[in-house]
Amino acid sequence: MSELPSDYHRNLPYGERMSAAELIGHPFFPFEGEVQVVPLAEPVLPEPPRRGEEGGEPCGTCAVPDRFVIWRDEQWQLKAFPDHGLPFVAILEPREHYRLDNLPPELTATLGVMIQRVAGAIGRLDAVGRTHFNRWGDGSEHFHLWFMARPLGMMQLRGAMIAIWDDMLPNVPSEQYAENTRLVAAALAEDGGEAV
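Quick note: the sequence shown, position 80, residue 80 per the UniProt record's numbering, numbers continuous.
In case anyone wonders, no lab produced these hints; they're calculated from the structure. Built from N, CA and C at the ideal position, the CB exists for glycine as well. Check before you lean on any hint, since a few could be wrong.
Said to hold, decoys possible - Here are the in silico distance ranges between beta carbons for each label pair: (1) 37 with 186: 39 to 49 Å; (2) 178 with 46: 40 to 50 Å; (3) 37 with 158: 50 to 60 Å; (4) 108 with 139: 18 to 28 Å; (5) 45 with 178: 19 to 29 Å; (6) 63 with 105: 37 to 47 Å.
Let's have the full structure, built from the sequences with the hints guiding it.
Structure (structure tokens):
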């Protein structure tokens, strides 16, 4: 491997397994017993391009802009994806291709309002206790926020592990998920935009 880029990187134990002891028994950690962590891999430098970046795969949102869209207005759109274990999982993204660092100020000014609107619409579902939202931007350059609905009363699904629980829980039946999608889109459309 070439020169490591920083003191932080040079201090990490590459090739070794980290201990999961700090997580075992934590109320939000979904595993018990002996958990083996994969060895820490060395950095990949330069980092490979994300979808939408030069040299990467094309931006999926820009290539097929209407795919999975359940609601939109002139600036934003909400996409809901099937095959999830949580009652509702969606992505909010600008209709135009922007990164977080180059969102125009007028669009950035509406982001907080949109987070409230989407969380409020998801919160209307009977099965939902709270809505988590997160930003992971390593897969696509096109800015997007994830929204994950924590099921009502399921307290062990709180926190960052909700995404792992989503992968492990049985998928919501397609008819029920479609109805949840319709209800969220209709709730958003009450305050503007259109359900798709």
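Verification of the hints:
1. 37 with 186: 39 to 49 Å: holds (44 Å)
2. 178 with 46: 40 to 50 Å: This hint holds: roughly 42 Å between Cβ atoms.
3. 37 with 158: 50 to 60 Å: violated (22 Å)
4. 108 with 139: 18 to 28 Å: With Cβ atoms ~22 Å apart, the hint holds.
5. 45 with 178: 19 to 29 Å: violated (44 Å)
6. 63 with 105: 37 to 47 Å: violated (27 Å)
Going down the numbered hints, you'll see the structure goes against 3, 5, 6, while the others check out.
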